[in-house]
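My numbering applies: residue 67 is where the sequence shown begins, and numbers increase by one.
Everything labelled a hint here was simulated from the structure, so no lab data went into it.
Check before you lean on any hint, since a few could be wrong.
Derived pair list, reagent style DSS-like, types lysine-lysine, alpha-carbon separation capped at 25 Å [unchecked claim]: (1) 199 <-> 181; (2) 522 <-> 552; (3) 552 <-> 257; (4) 96 <-> 500; (5) 329 <-> 382; (6) 500 <-> 257; (7) 249 <-> 326; (8) 552 <-> 249; (9) 257 <-> 522; (10) 552 <-> 471; (11) 96 <-> 249; (12) 500 <-> 471.
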Amino acid sequence: MMPGWMCCGIPTSSSNDFGRLVRRLNQWRKGEVILEDSADEVDPRRCSSCGLMLEFVGESCPRCINRSAAMRRVLELLRPYWLRASMMMAMLLLGIGLDMIGPRLTQFLVDHVLKVDGNAGPNPFPMLEGWNKLNLLMLVVATLAAVQIGRALINVFNGRLGSRVGTSITYDIRGRLVNHLEKLSLGYYDKQQVGSLVGRVAYDTEAVQGFMGQLTGGFLMQLLLVFFSAMMMFSLEPRLALWTLLPAPLVLGGTYVFYKFVKPHYRRFWDRSSKQAGMLNGILSGIRVVKAFAQEDRELSRFQQSSGALRDARYKVDTSASTFYPLMGIVFQIGGWIVWYVGGGQVLGRELTLGTLLAFFGYLHMFYGPLNQLTHLTSWITQFTTQMHRIFEVLDTPVSIQDAKAPIPMPDVQGRIVFDNVVFGYSRQNPILKGVSFTIEPGQMIGIVGRSGSGKTTIINLLSRFYDIDEGNITLDGVDIRQAAKADLQRQVGVVLQEPFLFRGTIWDNLTYGRVDATVEQGLSA
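Take the sequences, apply the hints, and build the full model.
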């Protein structure tokens, strides 16, 4: 080792930081003034908000996911469908109202229609006093049937309407996603896994459909059932209703602990699922290369390693849920046992009628059943908000290459190209083109020769404005391409790619892809 030199190893995760250090040292060695450059890039896996190092590029940062904001933004998507959403809410309340009738009818049936002793209790329907018992029995059974049929019809109506609204919102948000993805520069795709983006468009958007299901028959209905059934229990027998609240602290505390425990595991599962989709996309897209170099075993090993990580993450989530939910079921059973003992004692002591106890149990099932379902809400909220955050993360990505405020139209060009001291790098601390200048006159044919990675393709990408340069100017017929209308510019610049790509469709569709109004003669000549 030479005197005055020192070698040291650095972790791969810090390579970007040391790259910036090398750039600064070179500036210092040349005697240049070192200025703070806010545009210096950091590791693309590092969260731009909190600095947390993520597992891979494009992963959602668990610290920065604002779950309440994601929920609010989803509700904003309902605005175009507010009338249908209002109808769903009205039908939901009507259905819950019908649910509240059933136990009261049971109480009346047992205490006033089928009673065998004098302990009948107050009549909830005094207008039916004096009716024949057989007629009362027929009326109560018919009313119960009508209530249940009405509830079923409401479920059908709300399910169909919720599906219509959910699929419409999913359609809207998928269109917005693809539209925004098409506007993003190639620099964005250089840092993203295509499989992950496909997953966001194809699968994460399905979370909206699940959200509508939760509105029509999920957590919202469960919350309303818990509230109204609690009111009915307290109206029937307040002292007995207080006993039903004993398991509540255990439920709330257990749900909170479970949520804190399962949240990172659920996030890890979704992130690894997205990562595996990206890996599989790469393997299948490059299957010719894989076969050409006989790397099938290597790619299979990589995939199995990724699949194993996904399996372990899913195992953590599933085992946690399969342990927590049965335990919560036992906690709810404790409340039922207490009501049976206390309420049964009151019936034996003639403090409570049998019909009232049965009606109370009807409301108790409406209280504990939905409350038990609400313990699953933590998993759903974690999954839903994570998926929606991944969607909004794409939609909130700014479009870095946009038309100028007053773009210069270029319907026809002569073809004079000037590169003036152009500096560009896909990573700012490692520029590929350093002060490149040349002029190409109209009609002139030139060849750019250089080793692989020297920037030949980059020059074409910059001329087409797939990327914006870091320094210098590029002009076409004397117009800075950043001031030209993008559509005109890219229409005037023709690019023949090294690797041809065919879209699904006919040969004619591919031939005329850049000019859909081409005539048959123009297509044949192409």
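**OP:** Run the structure past the numbered hints and jot down the numbers of the failing ones, going up.
**Re:** 7, 11 and 12
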